[in-house]
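From just these sequences and the hints, can you work out the full model?
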Amino acid sequence: MPAEALAGTPLDIEVKRFRSAADALQGQDYFRASPFPPGRPALLIWQSPRALLAAPGDARLPRFEAAAQASAAAGWPVALRRAGGRICPVSPGTLQLAISRPVSSGVTIGTAYEEMAVLVETLLARFGVRGGRGPCPEAFCPGRYDIAVAGRKIAGLAQIWRRHGDEMTAITGASVIIDESPLELADAVNRFYRDMPDMPPCRAEAIGTLSVMAGRQVQAEEALEVLCSLVASSVPRRRASSDQFGRAG
Amino acid sequence: MADIVIPEGLWDAGVTPEGVVSNWFYADGATVSKGDVVAEIMVEKSTFDIEAPTDGVLRRTIAKDGVIRPGSVIGAVDAG
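Chains as they are written, first to last, in the numbering used here: chain A, 26 to 274; chain B, 235 to 314.
To be clear, the hints were calculated from the coordinates, so they are not data collected in a lab. The C-beta atom is built at its ideal place from N, Cα and C for all residues, glycine as well. Heads up, some of the hints might be wrong.
[As the list claims (entries may be wrong)] Below 20 Å or equal to it, Euclidean Cα-Cα: the simulated EDC-like pairs (lysine to aspartate or glutamate) are:
id: 1; chain 1: B; residue 1: LYS268; chain 2: B; residue 2: ASP289
id: 2; chain 1: B; residue 1: LYS268; chain 2: A; residue 2: GLU192
id: 3; chain 1: B; residue 1: LYS268; chain 2: B; residue 2: ASP246
id: 4; chain 1: B; residue 1: LYS268; chain 2: A; residue 2: ASP191
[Stated by the list, open to error] Derived coverage of chain B by chain A (criterion: at least 3 residues anywhere in the stretch with Cβ under 8 Å from a Cβ of chain A; other residues may be distant):
id: 5; segment: 239 to 245
id: 6; segment: 270 to 278
Okay, structure coming up:
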């Protein structure tokens, strides 16, 4: 099924601010406390306090435990995610997106990535920012579906296929940097990998933010409202929200 | 014996030729049930749960960190 057709299929939306990134990943990767049944295409938008999302490969590094403890002591606790290449920093200045679709609907790896990339690019465009795709090797967690502006990574994507109830489900995640200090993000990543000399350094100059690229401060709530408007269909679908993002639903 | 096969067309091998078995969740010789997630594979930044095709005893043929391609057989389940 073409990505365009999938992208036009309405998504139910859940927005949530989690107490920790570890809790958030339980919601994103394992559908814990999801308000939607298996098989229902959905978009989860979440935030958490500062954290580093470690990829499966990070967890197998020889000094992972020591690095995680040092990061936590510096205010960046480490949560283990099921996808991704390397460490990804998250904070109240970033937005995390996760589109889940049943594989039975015709999803492929490519169409799922394409749908998320188009969503992020459209979000950026609403703020007058044009993103391009391709690896940002000097930023954190480089990958083929990085989205960059003027050579600075502003979003990264990863994907998991796992079962939700009876439905094999593709979960495509994106981390979008809305309003955060590239230097602090780079420092957090480099601190984690400090004692692992084979890991290339993360350069703050390779990280971008929507606020800087848009030429004005953009708050996460504003980006959130734009995101929700992008995925809303002509027939209103259920939106569940909690905490400071909106009314409980 | 039911093979555990990486689905053909799971990813575009023309773009990314190979993935890896990133984890086995059951030991070789373990008893598994149909649908149990017995392994995990990774292709670039994507992770896939691989399920047992039937009840039986797991036989692993590709080790952790072993290279795989679409259509690879990574193991089998011996229904006995």
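Now for the hints, and whether the structure bears them out:
no. : hint                    : verdict
1   : LYS268(B) <-> ASP289(B) : holds, 5 Å
2   : LYS268(B) <-> GLU192(A) : holds, 15 Å
3   : LYS268(B) <-> ASP246(B) : violated, 27 Å
4   : LYS268(B) <-> ASP191(A) : holds, 13 Å
5   : 239 to 245              : holds (count 3)
6   : 270 to 278              : holds (count 5)
Of the numbered hints stated above, the single one contradicted by the structure is hint 3.
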